Structures are given as C-alpha cells and as structure tokens.
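Using the hints provided, position chain G relative to the given structure of chain L.
There are 2 protein chains.
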Amino acid sequence: MVDDSDNAALRDLRAALPDEVLLTDPDSTGRFSHDEAEWAPYGKPLAVVRARGTDDVVAAVRVCAEHRVPVVPRGAGTGLSGGANAVDGCVLISLEGMNEILEINPREQLAVVQPGVVNDDLRAACREHGAWYPPDPASSPWSTIGGNVSTNAGGVCCVKYGVTRDYVLGLEAVVGDGEVVRLGRRTAKGVAGYDLCGLFVGSEGTLGIVTEVTVKLLPGLRAPERTVVGYFDSLVAAGEAVAAVAASGVVPSALELLDQHCLRAVDDWKNMGLSAEANVLLLGRSDTPGQAGEQEVDTLVRCFDEAGATWSARSTDEQEADALFSARRLAYPALERLGPLLTEDVCVPRALVPDMLARIEAAAQRHDTQIANIAHAGDGNLHPLIITPPGDDDARLRAQRAFDDIVADAIELGGTVTGEHGVGLLKRKGLHAELSPKVIGMHHDIKNALDPTGIFNPGKVFGDPS
Amino acid sequence: MVDDSDNAALRDLRAALPDEVLLTDPDSTGRFSHDEAEWAPYGKPLAVVRARGTDDVVAAVRVCAEHRVPVVPRGAGTGLSGGANAVDGCVLISLEGMNEILEINPREQLAVVQPGVVNDDLRAACREHGAWYPPDPASSPWSTIGGNVSTNAGGVCCVKYGVTRDYVLGLEAVVGDGEVVRLGRRTAKGVAGYDLCGLFVGSEGTLGIVTEVTVKLLPGLRAPERTVVGYFDSLVAAGEAVAAVAASGVVPSALELLDQHCLRAVDDWKNMGLSAEANVLLLGRSDTPGQAGEQEVDTLVRCFDEAGATWSARSTDEQEADALFSARRLAYPALERLGPLLTEDVCVPRALVPDMLARIEAAAQRHDTQIANIAHAGDGNLHPLIITPPGDDDARLRAQRAFDDIVADAIELGGTVTGEHGVGLLKRKGLHAELSPKVIGMHHDIKNALDPTGIFNPGKVFGDPS
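Sequences listed follow chains L and G, in order. Position 130 of the first sequence, counting from 1, maps to 130 under full-length UniProt numbering, and the rest follow consecutively. Position 388 of the second sequence, counting from 1, maps to 388 under full-length UniProt numbering, and the rest follow consecutively.
Derived by calculation from the structure, the hints in this document are not laboratory data. The structure displayed is predicted, hence computed values, not measured ones. Treat each hint with caution, since some may be false.
When chains are identical, the list treats them as one kind, so a pair holds in a single copy or across two.
To be verified - Here are the simulated DSSO-like cross-link-like pairs (lysine-lysine), alpha carbons at most 30 Å apart as the crow flies:
hint	residue 1	residue 2
1	Lys160	Lys216
2	Lys44	Lys216
3	Lys216	Lys429
4	Lys429	Lys44
5	Lys44	Lys438
6	Lys44	Lys160
7	Lys216	Lys438
One chain only, chain L, in its complex shape (with noise of 0.2 Å):
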C-alpha cells in the first residue's frame, strides 16, 4: 500500500474515484501490471483505475496531467508487445468494466461500444443482427475492442477483409489535460479534416484514452466457408503454396500456417493427433458463394499440390475443419505451456514467405534455439515463437540474437517488424531500424503535440529502446 501523506497525485485520486475504482494495494494492482508479452518488462503501478464510464477516465486523467504522472490504459491484458505494461508509478486505467454495446445499427452498417467489449461479444451481438464484424484476432475469445483498436489488431480473416482500422468510423478519446474529444464519424463517408481517428487507432495508448468506438459492420451473416486441408514436409514447401495462391489471383478467407512445434504442443495438450499426419499444416479457405467459390477451392488444392503438398483435400466435414482452426486459435497457449515465448509478428511481401520461412530456420539453427511458426501465412504476417527452456539465461540469449536476426531479415526483404500485435516494448529496436531517424522524428513531433505533458504511455512504440 502506497502512503498517501507522500503521494500528492494519489490524494488527489482517492478525492476524486471512489474506492471501488481506486486500487492501490500491491496484491491486487499487480495482475493489471503487465499484458501477456513474457519478454517485456514491467514496474509497480501507483494506482490501478477500474473505470466504470467516461468520466473516471477523465477525473483520472486530469490528476495525472496536473502532477505529471504516467498513464497506461490496458484493456483484457492480451497484448504480445508490452504496449499495456505498467511504467513504475503510473497510474494503470482498466477499461474491461466499460463493456457495454451501446447500438448495433445493421441499417446504417455500424455498431457502438464501449472500449471493454469482448470481440466475440461484438461479433456475437451482431450476428443476432443479422450483421457482421469481421475483425478476429486469435485472441477474440479474450480481447476487448478498445485493445484491437490500440493495436490495430489483425486475425484470421484480415487476409480477406481487413484489419481493425478498416472498421473504425469514429472515436471517443480523453485527452490532453482529460478533454473528451469525438473524433471520426458515423457516416460512409467523410473527409472534414485529418484523420485523427485513424491516427489513434494503432497508437497504442500514446495520444490518449480511447472510450468509445464506431465500427462499421457489413450486412448479412458472414456466407459459409469450404476449408482446404495441406500438409506438407518443409516450412519452405507450404511458403511456396502461400507464395502461388497469392499468384493465383485468389483471396482465400483465411490461408493459415502451423509448423511441427505447434502441432507437437497441440497434441501434448488436447492429443488431437495432428503431428503424426503432417510437419507443416497449412489451411485455407474460401467464403466466396457459389460457383465462384467452387473454383477458389480447386485453386487452392491445386496451388498446394503444385508446392509439393503430401496431402491436401477440400475438407468435406465441417467439424473436422473447425478441430483444424481451433488447433489453429490453441497452438499459442499450448506453445506457451512450454517455456516463455518471445513472439515475433513480422510481415513481408507474399511472394517472399518462402524465403522468410528459410531464414527462420536458418536463425533457429544459428543460434541453438528452438522457433515454432504460426502464420497469418496468406497476408505474410509470420509469427516465429522464439520458445527457451524456463531459467535457461543463455538461451534467452540466444533467443534474443535468433529475434534481432529475425527483424532484420524481414525489413531487409522489404517487409515490417510488426504486422498485427503493435510495437509496445518488445519491437522497438526493431521500429527504430525500420523507419528513418526523420520519421521517428515526426512520431514524436506528433506525440509532444497531442500529449505536451507526456504523460501516455510514456516509453512505448519509438521511446528510446536502448
């Protein structure tokens, strides 16, 4: 428990929040301290705030800003970077109890939420709609729509329909000094002024408090989806069928790829008897009704084969398909049960899967170190889980030359550091060697100027990573 006597911005909370909203006391401030980014570190939180609306945002915000002190939103504590990882002494701003869906409006193609909203719960609430929010992170289940914002979260069928910002219209942000300002629109279009809310979705805390969000949905239940089964005995092997799909023309709604490490650790877990079958799984779909549709699935099939597939099938049971994507959504937990993940997220031009799938193994075999591959593989968003043996410090080390390695080879073939999770602690050496000294610059020209008293998640993103 923080003294109050010697804490200024603390008093000035406790007056401003009522208990139930104000945690202080180490036991149980500390399970918001951190997201799930093993690697990243932490430090000890003044205060947690479980906001309940808008306005504790506010009072919060505004005692901060008068004394100068951090403030780091988290949502479900889900991230892979360390975005929402407490700076020692900040003030940590919960926002999973502002959980409301406030409209779902199939009429004008749009839904408002509060930023705490589960997405399975969004996507649920607007399936009774008859509506669709396409956006599905693999932590769907789990993750709230405040934090897919943030980071501009990305998902299974993103290689079809988008990423997050593709579906935020408007926004609800507390900022500077706790302003609530509205940014963005309701409508199907517009263009009055910056995008100011695009700018925020993705900036992972740094500018302000999201506290509301518009997000358009399509119309109509998503169609039904044909999955296409491959194995395949090389990494390599299933790259060079993402890398023919995407010369084939065809945009599969979903094209998904786990190495032998993953289904090993799947099997362990739940003995779903994958690993025998295969070394590399890699599995496809299409959502295009009709005929159409038909003749995306025999493009996929033979696209496989033609990479040397040992086996690939149109699935032709339903429930065997959705084993395959939920062996697919399990991989990362059941990997995790094996020691700390240092989690890649690098993304590179389709064709070049292959080639990056080769370096991969390469750095795995240069530095001693063990990588598992899951593969958002049809959008070249490729997440190598660098996996060390728990108190092994030298593997660590090795794991963290195979991670450097790995970042440079992804910008080297004109690829990113980070495709879908955002930057927080973990990729920001990796940011900096990404974008120029000048952009870097305007990062934080745009910052000073939107935050003066820098007090958002002060650090992440382009903060110094030295």
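Chain G alone, transformed into the frame defined by chain L:
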C-alpha cells in the same frame, strides 16, 4: 513578370531549378492558380514549379522553407473546394508532369505511381495486368492519383469498395524543410508506429507534398455489373428507395441519383432525352457474380418499386446502361454551362437521405435559388449544386445562404460537411461547425508539429474561415 532583384526567394528558385521547370510569367502561371471550385477565391502565385521528379520538389520546398514562402501543391486542378488555389505570393508545385506508373505488381496486389498519373490511366494499366484499382471519382478521366490522395477522393463504386484512403498503402512525401520521407508500407499488413500515411491522405497538401504513392489493388478484373434503373416523381421518393436499399442489407456496387435539373442540363447539351422520362433517376448496380447477384438485382427493383418508382427495370441493354452512367458523369459539366456552381458535398446517415433531400428542396425554396442534385446516394453522399445566373450578385448571396443552411442541416442529421471533396476553402466554416474547438486545436497542433515553418498550403482546411 516578378522582378528577381526584389525577391530573394525567386532568385534562389532560379538558381535551383532550370527555366523550363520554373514559370513566373503571370500569363503562364494563371492557369495553375485555381481548381474547379468556381466560388473559391485565389491569389497570385510568385511562381509555378512544374516538377519533373522528387528532386525538383525538394529544391523548391527548401527555398520556400528558408524564405517562409507558402507552397501549394496541385495535380490536375479538378478539385471542387479550392484546396489547390493559389495563396498570394506562393509557389505552386504542379505534379502533373510526374506521371509515370513505376510498378504494377498483381502478386503483391499493389502499384507504385508518381502523383501526376491520371486515375483512369492507372485503372487501364492495372486492367492490362489483370488487377483493379477501385476508387473512381467522377473526375477519373482527368484527376490525378496525387490529387485523389490529397482529398481522399471517393467515387461511384465506393459504396461497396471504399475510398482512396482504403487503397493507399504507402507514400513518399517531401516534408519539413525539404526532407524526403517514406510512410506506410508495401506489405499486406503493418502496424509499425503511427499511421502517418493515413494522416497524409486527405490532408489537402497541408502537411507536405506527396511525390509517390503505393496503392493496393484488388486481384482479377472487375466482375461485370447488372444495372437497375428507376424513375421517380420526387426527390424524396428516390431518397426513400435509397433508405430501403440500405435497410435491405444489399450493398450495391453503385447507387447514383440524378434529379430533373441534371437530366435537363444533360439533355440540353447532349440531347439524350432523359428529362422527358423521369423527374429523378436512380441508377443501381450489382457486380456480385451468379445467383447472389441476380437476387441483389431483384432486391434493388423491389426497393425502387416499394418507394414509389413510376418505372423501374433491370437494364437488359448494356449500352443503354453505360449511357445512363455517362449521363451521371456528364451532369456536372452540363450544369456548369448554366452558370457558376456552388458545390456541396454533404454526407448523412443512409436512412436520413430522404430527410436530407427534403431539407435541400426546402432550402432552395426558402432562398429562391436553383439547386440541382447529383448524389452517391448509396452512401448518403449528396452533391446539391447551387446554380446562379452569371453576374447576379443577389442570387449569389441567396446561394450562399442556401449553402450554409444545407451544411447546418447535414450536421444536425449527424452528417458531415464533406464526404469526398475535401474542405479546401469553401467548407472551412462548415468544418468549424462540425468539429469541436478542441478537435480543431488538435489539427493546428499537428500542423504546427509537422510543418513548423507553416509553409504547406497555409490557411486551407482548418484555417480561420472568417
């Protein structure tokens, strides 16, 4: 001719750029001084730079930054808000000559172009590579990609396929004192830092000069469209049909409205015989293949009929359908023949299109002025065009009052002052009514942060409108 000896900036420009690039004679600079917003004021430029490449832009911006001379970029000058209009003493940078298509890459679904490439030229070149660049502003035969990016231009198919920003992956820009930066990416996804690329799209030249654009393409050729034609007695009835389409869940690939003023103007010019048939024409299209597309067409016809169409039918004659869409494209120039047009660009929620059309008719009556309506009705984007007889000052005053009323009505209905044309000079007052003072302040903060010398298109968009 400006006298060099009096002007240090001009002297330095002459030293930095060859004669064929730098125009200073008012006879030759005049045609560059304004866009097609007939009501927007424009000043006298110091010079025009006809840039041949990024280096010319850098050279010009360096001189301008040093001497604090305003820089105004322009493409083809087809803008409708005065965004490209000369500020007194400015250097206009014309990017028309930078019209090379640098890369069309169907596999990575992208193209790289110089800003002066004409929209239709890019679309034609993509077709040859079996790919599609969707954004199709009515100005597509003349307007440039750079101008489209600056205004975040919309178009006819945007109701289904989105606007320019949705297709800009990356860009090169000259910023600050003449530094060249690359923003955005070439990969399918990427969240490395702030979305500075998206911030530049629609910023109307106020943050820097865009010198290269990487756009996203859709794979394959565009599917053939089916056309549904509806005739209506009244604007409001046509608006009801638009609202019914939105409620039906069908997303048409076009839904365009032309009123009697437009039809008559096109007839007077091109003798197409449209105005004898209908008071208001609604044109819907579906490009969904197969049976699903047939159903969409049936739904459109039903929506038209239930809203009270005097006649409606699926067009069985492709040539006839194309002729109707070229009437849509000709409407603006046809109306321009009648007198100076004051062009609105309001966008309202889809369900409120009938309400907004009724308010536009009321404004026309109230202010005794003639208002023609063209609309991208499917996304609620209406273009009331206020026509004034040349030289009638009182009519101009009444037109301005009608313009202001329509803007106020759109904002009252939860809409925006500009759906796709940009703010430029004409809609600055509307912008200040639409956005809160704090949000306007954030615009100034960002502008000051990224353009500390204040040279880039000063006074436009959020400048003081009084």
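Starting from the hint list further up, note which numbers the structure goes against and sort them upward. 2, 5 and 6
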